[in-house]
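Fit chains B and C to the given chain A structure using the hints.
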Amino acid sequence: MPHSQEDVRAMLSSVGAASLDELFADVPEQVRLDRPLDLPAGLSEAELAAEMTSLAACNVPGSELVSFLGAGVYDHYVPAVIDALVSRSEFMTAYTPYQPERSQGVLQSIFEYQTAICELTGLDVSNASLYDGGTAVAESAFLASAKTRRTGIVVSTGVHPEYRQVLHTESYGCAPQGCGGNVIEVPCDGGLTSVDALRDAVDDQTAAVIVQTPSFFGGLEHMDQAAAVAHDAGALFVAVCDPLSLGVLQPPAAYGADVAVGDGQPLGQPMSFGGPHLGFMAVRGDLVRMMPGRLVGETVDAEGQCGYVLTFQTREQHIRREKATSNICSNQALNALAALVYLGWLGKQGLPDLALLCARKADYLRERLLALPGVEPYTVGAVFREFAIRLPLPAAEVVRALEPQGFLAGLDAGRFYEGLDDVLLIAVTERRTKAQMDAFVAALARHLDAGGGAA
Amino acid sequence: MADESYPADLKYYKEHDWVRVDGDEATFGITWYAQDALGEIVYVDLPEEGSVTGGDTYGELESVKAVSDVYAPVGGEIVAVNEKLADEPELINSDPYGDGWLIRVRLSDPADVEALMDADAYAAFLAEA
Amino acid sequence: MSERQTIFDLSRPGRRASAAPACDVPARDIDDLIPSDRQRREPARLPEVAEIDLVRHYTHLSTLNYGVDTGPYPLGSCTMKYNPRINERACSLEGFRGLHPYQSEEHVQGALLLMKRLENWLAEIAGLRAATLQPAAGAHGELTGLLLMRAYHDAQGRSPGTVIIPDSAHGTNPASVVLAGYKVLAIQSDERGGVDIGALRAMVDDDIAGLMLTNPNTLGLFDPNIVEIARLVHEAGGLLYYDGANANAVLGRSRPGDMGFDIVHFNAHKTFSTPHGGGGPGAGPVAVRDILEPFLPIPVIVGEAGDAEAGLGDSGAVPADSGAGDPAEAGRLRFDWDRPQSIGRMRTFYGNFGVLVRAYAYIRGLGAEGLKRVSDMAVLNANYLLEGMREFFDVPYDRRCMHEFVVSGEPLREHGVKTLDVAKRLLDYGVHPPTIYFPLIVPEALMVEPTETESRESLDRIIEIMRTVVEEARTQPELLLEAPHSTPVRRLDEVRAVRKPVLRARVEPEGSG
Numbered sequence: 002m003p004h005s006q007e008d009v010r011a012m013l014s015s016v017g018a019a020s021l022d023e024l025f026a027d028v029p030e031q032v033r034l035d036r037p038l039d040l041p042a043g044l045s046e047a048e049l050a051a052e053m054t055s056l057a058a059c060n061v062p063g064s065e066l067v068s069f070l071g072a073g074v075y076d077h078y079v080p081a082v083i084d085a086l087v088s089r090s091e092f093m094t095a096y097t098p099y100q101p102e103r104s105q106g107v108l109q110s111i112f113e114y115q116t117a118i119c120e121l122t123g124l125d126v127s128n129a130s131l132y133d134g135g136t137a138v139a140e141s142a143f144l145a146s147a148k149t150r151r152t153g154i155v156v157s158t159g160v161h162p163e164y165r166q167v168l169h170t171e172s173y174g175c176a177p178q179g180c181g182g183n184v185i186e187v188p189c190d191g192g193l194t195s196v197d198a199l200r201d202a203v204d205d206q207t208a209a210v211i212v213q214t215p216s217f218f219g220g221l222e223h224m225d226q227a228a229a230v231a232h233d234a235g236a237l238f239v240a241v242c243d244p245l246s247l248g249v250l251q252p253p254a255a256y257g258a259d260v261a262v263g264d265g266q267p268l269g270q271p272m273s274f275g276g277p278h279l280g281f282m283a284v285r286g287d288l289v290r291m292m293p294g295r296l297v298g299e300t301v302d303a304e305g306q307c308g309y310v311l312t313f314q315t316r317e318q319h320i321r322r323e324k325a326t327s328n329i330c331s332n333q334a335l336n337a338l339a340a341l342v343y344l345g346w347l348g349k350q351g352l353p354d355l356a357l358l359c360a361r362k363a364d365y366l367r368e369r370l371l372a373l374p375g376v377e378p379y380t381v382g383a384v385f386r387e388f389a390i391r392l393p394l395p396a397a398e399v400v401r402a403l404e405p406q407g408f409l410a411g412l413d414a415g416r417f418y419e420g421l422d423d424v425l426l427i428a429v430t431e432r433r434t435k436a437q438m439d440a441f442v443a444a445l446a447r448h449l450d451a452g453g454g455a456a
Numbered sequence: 084m085a086d087e088s089y090p091a092d093l094k095y096y097k098e099h100d101w102v103r104v105d106g107d108e109a110t111f112g113i114t115w116y117a118q119d120a121l122g123e124i125v126y127v128d129l130p131e132e133g134s135v136t137g138g139d140t141y142g143e144l145e146s147v148k149a150v151s152d153v154y155a156p157v158g159g160e161i162v163a164v165n166e167k168l169a170d171e172p173e174l175i176n177s178d179p180y181g182d183g184w185l186i187r188v189r190l191s192d193p194a195d196v197e198a199l200m201d202a203d204a205y206a207a208f209l210a211e212a
Numbered sequence: 003m004s005e006r007q008t009i010f011d012l013s014r015p016g017r018r019a020s021a022a023p024a025c026d027v028p029a030r031d032i033d034d035l036i037p038s039d040r041q042r043r044e045p046a047r048l049p050e051v052a053e054i055d056l057v058r059h060y061t062h063l064s065t066l067n068y069g070v071d072t073g074p075y076p077l078g079s080c081t082m083k084y085n086p087r088i089n090e091r092a093c094s095l096e097g098f099r100g101l102h103p104y105q106s107e108e109h110v111q112g113a114l115l116l117m118k119r120l121e122n123w124l125a126e127i128a129g130l131r132a133a134t135l136q137p138a139a140g141a142h143g144e145l146t147g148l149l150l151m152r153a154y155h156d157a158q159g160r161s162p163g164t165v166i167i168p169d170s171a172h173g174t175n176p177a178s179v180v181l182a183g184y185k186v187l188a189i190q191s192d193e194r195g196g197v198d199i200g201a202l203r204a205m206v207d208d209d210i211a212g213l214m215l216t217n218p219n220t221l222g223l224f225d226p227n228i229v230e231i232a233r234l235v236h237e238a239g240g241l242l243y244y245d246g247a248n249a250n251a252v253l254g255r256s257r258p259g260d261m262g263f264d265i266v267h268f269n270a271h272k273t274f275s276t277p278h279g280g281g282g283p284g285a286g287p288v289a290v291r292d293i294l295e296p297f298l299p300i301p302v303i304v305g306e307a308g309d310a311e312a313g314l315g316d317s318g319a320v321p322a323d324s325g326a327g328d329p330a331e332a333g334r335l336r337f338d339w340d341r342p343q344s345i346g347r348m349r350t351f352y353g354n355f356g357v358l359v360r361a362y363a364y365i366r367g368l369g370a371e372g373l374k375r376v377s378d379m380a381v382l383n384a385n386y387l388l389e390g391m392r393e394f395f396d397v398p399y400d401r402r403c404m405h406e407f408v409v410s411g412e413p414l415r416e417h418g419v420k421t422l423d424v425a426k427r428l429l430d431y432g433v434h435p436p437t438i439y440f441p442l443i444v445p446e447a448l449m450v451e452p453t454e455t456e457s458r459e460s461l462d463r464i465i466e467i468m469r470t471v472v473e474e475a476r477t478q479p480e481l482l483l484e485a486p487h488s489t490p491v492r493r494l495d496e497v498r499a500v501r502k503p504v505l506r507a508r509v510e511p512e513g514s515g
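Chains as they are written, first to last, in our numbering: chain A, 2 to 456; chain B, 84 to 212; chain C, 3 to 515.
These aren't lab readings, by the way, just hints derived from the structure by calculation.
A quick note: this is a predicted structure, and the numbers were derived from the prediction, not measured.
There's no promise every hint is true.
[Unchecked claim] Calculated cross-link-like contacts (lysine-lysine; reagent style DSBU-like; alpha-carbon spacing at most 35 Å):
#  : chain 1 : residue 1 : chain 2 : residue 2
1  : C       : K420      : B       : K148
2  : A       : K148      : B       : K97
3  : A       : K148      : C       : K185
4  : C       : K185      : A       : K324
5  : C       : K420      : B       : K97
6  : B       : K167      : C       : K374
7  : C       : K374      : B       : K97
8  : B       : K148      : A       : K324
9  : B       : K148      : B       : K97
10 : A       : K324      : B       : K167
11 : A       : K324      : C       : K502
12 : C       : K502      : A       : K148
13 : C       : K420      : B       : K167
14 : B       : K148      : C       : K502
15 : C       : K420      : A       : K324
16 : A       : K148      : B       : K167
17 : B       : K97       : C       : K502
18 : A       : K435      : B       : K148
[Claimed, not checked] Label-pair ranges, simulated between beta-carbon atoms:
#  : chain 1 : residue 1 : chain 2 : residue 2 : range
19 : B       : A169      : C       : E412      : 35 to 43 Å
20 : B       : D203      : C       : D169      : 30 to 38 Å
21 : C       : E510      : B       : A210      : 52 to 60 Å
For every residue, glycine included, the Cβ atom is placed at its ideal position computed from N, Cα and C.
Only chain A is shown next, with the shape it has when bound in the complex (with noise of 0.2 Å):
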C-alpha cells in the first residue's frame, strides 16, 4: 500500500473525515471488531519467502520421484515457453474481458483455445474452460437435464471417482428441480463399462448417459455401443476423454457424442497437489445455448476490422440470473492459455508422437509387471497410457513399502472401489525411462518375493 501517513491525513481531511475510525460509522457498534484479528504477526518478504521455502520443503513432490501415479492428475513435463508466456502480467493480472476492445489478448487465445478444443475432440463449439473436470461432467448432466427435459443421468463407474462425487453432490441441489437429480451408476468390471449393463440402466427418463474412455482403468471403452444404447433411448451421450489420449484415439465426434468434457490437466498443467487446472466442455453445434460458462466469437469493429467478443451472454448468470444456464461466471482462463501454448508446442505431429509414446511405455511395463509372478492384469484389453494390475498383496501395502526407495508405484484402487483392495493403478508418462521402470519391476518383484512385509 503506498500511502504515507502525510496521504492519509490529507485524503480523510478531503473526504472530511477526522479518523479511519469515521469512515466505519455505518457499522453498527456491536458488530465491530474490537480487537485485532487472532493471526501470526505480518512478516518482510524476505521472512515470507523463507517460510514458504520451509513449508515447501515439508512437502516430497511426486514430480520429483519415479513417479507411476496418475488417476486424473499425470506428471508429464512442463515446457518452460508456458511459464514464460503465462507469466505474462498483461495476461496474469488482468479480469474478465468486459472491455473487449483492451481485452484483446485473453479474448483471441481464448478463441484459438476453444478452436484446438473443437479441432481435437471434432465437435462444433468449445466453451472457454470450466473448473475442473468433475465439474465440467457435472456442467454435462445440468446440461443434458435441460436439452432432454428429463432428470436421470447413467454414469458408468469407469468414470473418475471423485468426478461421480461432484455430480453427486452438485446435483443434489437439484433433484427438486430434477437437473440431473437422479443418478444410476453401472458398473466397469475390468475397466470396461457393460454395454448390457447400461442398455438396461436407461429408460425414457434419461437424460444423459455417461462414459469415460479411457476409463478410470485405462480401458478403451467401446464408445460407439454406448453411444447408441444413450441415442436409442433419447438420452445425449456425454464423453468423458483424456486430452493427450486424443493424440491417438478416436476423437468423441467420431463415435457419435453430443457433448466431450474432461480434465485439461495433462495440457501443461503442473500437477499442483490437484489444482488449477482446467475443465474442457465442447458440444455439438445445436447445444451453444446450453453451454455453461464463457464463449468468445470473433466480430468486427467500428472500421471492419477483426476482433474477439464475449457472445451468447444471455445464457449467463450476469443477465438472465435465475434463469441461468449455470451459475458460472469465469473460467480457468490462464490455465486455457497453458493448454493453448502446450498444444502448439507440441503441434499436430507432436501430440499423436507423444501419446503413441506414453502407450508404448505403459504396454512395455505392463508386460514386464505381468510376467511377474502373482501380478494379474485387472484392466481387460488395450490400453493407453495407464493400466491396472492385481496383485498377490494389497495394493495399499505395496505402495507404502515402495515409497521409501523413491517409487511413487501407483494408486491403491482400494481407496475408491470396494473389493479392489489388491488393484494397482498404474500410469506411464513420457518422463518415465526404461531405467526407472526395470527399476521399479526389480523392486516390485524383489517385495513380492519377500512375500510382502518389509520391503
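What follows is chains B and C alone, placed relative to chain A:
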C-alpha cells in the same frame, strides 16, 4: 430501425405487446417501445405449438445484453408462428407491427380483447411510465 | 475484414516447436497397441509452429491486454488490487507445484499444514468456526454454501423452499440459489440502499431457507440494520449467507460471523490478491458456523499435533532453521474422509491449491495489522475518489461509502452520451473503466472500486481523466460516442457476434496449407 409509432388499429397490453384481431384469430407482437428498450434483437425463442394463457409468458426475445419474456395479452390456441424470425430476428426491430409479428392464435374468447388498451390509452400509459 | 492472425494462421506444414523424447522401449506399431476401431484416423489440426512463433504470437497478444500491472483498474466488486510477486514465486516452488494429489500424507505435510492454517485464518477473519478450501471460484463457493444450507435444513427435518436476495445482488446469487434447488425471492432496497426491513419482516416465514447478502452491498454501502436482518432471518429458522465479494471493505474491522452470518464465501482472487488471470483461476473458500461444520465437503484436514499447532496465534511460523524438511516438525495432519453428514465433494482433489498458496502468502505477509490496513486504505481510497467524482456524476445513495461506490451517468444523457460511452472513452486515457450498468437498480451506473493499492496520485489522475471525459461529453460528445480511438481495436459489433456466430478459428484443411 423503424420510427416510433403505435397504430390505431391495434390493441395493446401493459407488457408492451400488441394484438391485431381478425375475426376469432389474433396476431401478437411487441410494440415499438419494447423493441427499442431491448435493442437489436438477436434471438427469438417461441413455442412451436400449443396454447397460451392471457397474462402468461410464452417466449423469450434476446438482445446482446438482455433477455425479455414475451406475454400473451389474451389466451388462445397457437395457429402460426413467425418462422422467419429464426433467421432474421432483426425484423422485430425493423418492422415491429408487420414482418416482425411473433405468433398467431385462435382466441379462446374474442371478448377478452376488449380489456386491452387502444392506441391512445397505451400512449398515455407510456407517458406515465 | 483485415488481417488478424491466429496461431492457426501461422501454421506451416512440418514445422514444430518440440521433439518427443527418444523411445527407449520397443517401438511397437500403433496397430499392436490401440485396436483399429478406436484409433484416431486423422490428426487434430493443431498449429504447426516453431517455439519462436509461439513466443512472439502470445507476447504480441499480451500487449493487446490490460492488467493491474498496466494501470488503474477500478472495476467495482472485482477488487483489482496489485498482486505481490512473492506470491507467484511461492506457488512455483517445486514442493508445491510438483505434488500429486494422491501422494501419501507423509509426503504432503507442508501442503496440509498450509491449508489447515489458511482454513483457520479464514475462519478467524470471517468470525466463524471452520472453513473448506475446495470451491474453485466465488460462484462455486456460493453453490457450496447453499448446499450446506440445504443439508443443514434437511438434517433438521425441514424443507424450506426459498432464499431471499436483494435486488442489488450479483447475478451469480440467484443462479446459485436455483442450482441449489431453491426459489429466489427478491427483496427491494430501501431509500438508503440497504435491505428494506419492513419488506423483509413481511417476507420471512417458515419457507425461508436463508438470505444471501453482500455487506457492504453492491452499492458499496454497509447495511446498518444487519443485526435486525439477522435476527429476523434466524427467528424464521433461516440461515444468513455472506457473499464475500466485498469483504475487502471490512477486514479486521467487522466480521461477518459477528454480524450474524452463518456461511461466508471469500474470493481469494479479490480479497486475498491472487491474480485474476484474465478470468481465472480463482478460489472461493467457504467458512461456516459450528452448526454447519459436519456438512463440509470431504475430505477435511484433521490432525493431532496439527490441531494445536494450527491454532496458531503468533506461533505460526514453521521452525525455519531446524530441519523444516522433516515432516515430523510440521505435526501430523491427515485427510478425514469419514464424515457421514458431509454434502460430498464440490470439485476434484482439494481445490485450486496453487491459488491457495498465494492467498496464504498474502495473509501471512500482512498479518492482522496489515489486513486491517488493507480495508482502511481501500475505504479511504474509495471515499477520496467519490469525493472527486461527485462533481461530475449523480450520487444516488449519497452516504459515506465503504470500499466502492456507485454513481450514475444520467446527467450526461442530455448530451446523448451513455455510461457505456464514458467507459469506452476512459480506455483511450489508459484507465480500465469501472463496472458499468450494475447494480441494476441504478440507471447508467458506474460502480467504482479503486482498491487500497492505488496511490493518491493515481486517484488524482483518475479524477482528472473523469473531469476531462465529462467535459468532452458536453463539448464533443462524438469523441465519446465513437470511442475508443486508441485501443488495438475500435468498438466491436457484439450483435454480429451473436447473429453470425464464429466460435472457432479458420483452420486450413489437410494438405492445402
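Quick rundown of the hints versus the structure:
1. C:K420 / B:K148: 15 Å, holds
2. A:K148 / B:K97: 32 Å, holds
3. A:K148 / C:K185: 21 Å, holds
4. C:K185 / A:K324: 11 Å, holds
5. C:K420 / B:K97: This hinted pair holds, its Cα atoms lying about 27 Å apart.
6. B:K167 / C:K374: Answer violated: B:K167 to C:K374 is near 60 Å, above 35 Å.
7. C:K374 / B:K97: This hinted pair is violated, its Cα atoms lying about 51 Å apart.
8. B:K148 / A:K324: Roughly 14 Å between the alpha carbons, so the hint for B:K148 and A:K324 holds.
9. B:K148 / B:K97: Given pair B:K148, B:K97 holds - Cα atoms ~23 Å apart, limit 35 Å.
10. A:K324 / B:K167: Distance ~26 Å between A:K324 and B:K167 Cα, so the pair holds.
11. A:K324 / C:K502: 24 Å, holds
12. C:K502 / A:K148: 22 Å, holds
13. C:K420 / B:K167: Holds, at roughly 33 Å.
14. B:K148 / C:K502: Given that 35 Å is the threshold and the Cα spacing comes to 16 Å, the pair holds.
15. C:K420 / A:K324: Holds: C:K420 and A:K324 sit about 28 Å apart, inside 35 Å.
16. A:K148 / B:K167: 23 Å, holds
17. B:K97 / C:K502: 33 Å, holds
18. A:K435 / B:K148: Violated: A:K435 and B:K148 sit about 57 Å apart, past 35 Å.
19. B:A169 / C:E412: 35 to 43 Å: For C:E412 against B:A169, whose Cβ atoms are near 37 Å apart, the range 35 to 43 Å holds.
20. B:D203 / C:D169: 30 to 38 Å: 33 Å, holds
21. C:E510 / B:A210: 52 to 60 Å: Once the Cβ atoms are compared, 59 Å apart, the range 52 to 60 Å for B:A210 and C:E510 holds.
Consistency note: the structure conflicts with the earlier hints numbered 6, 7, 18.
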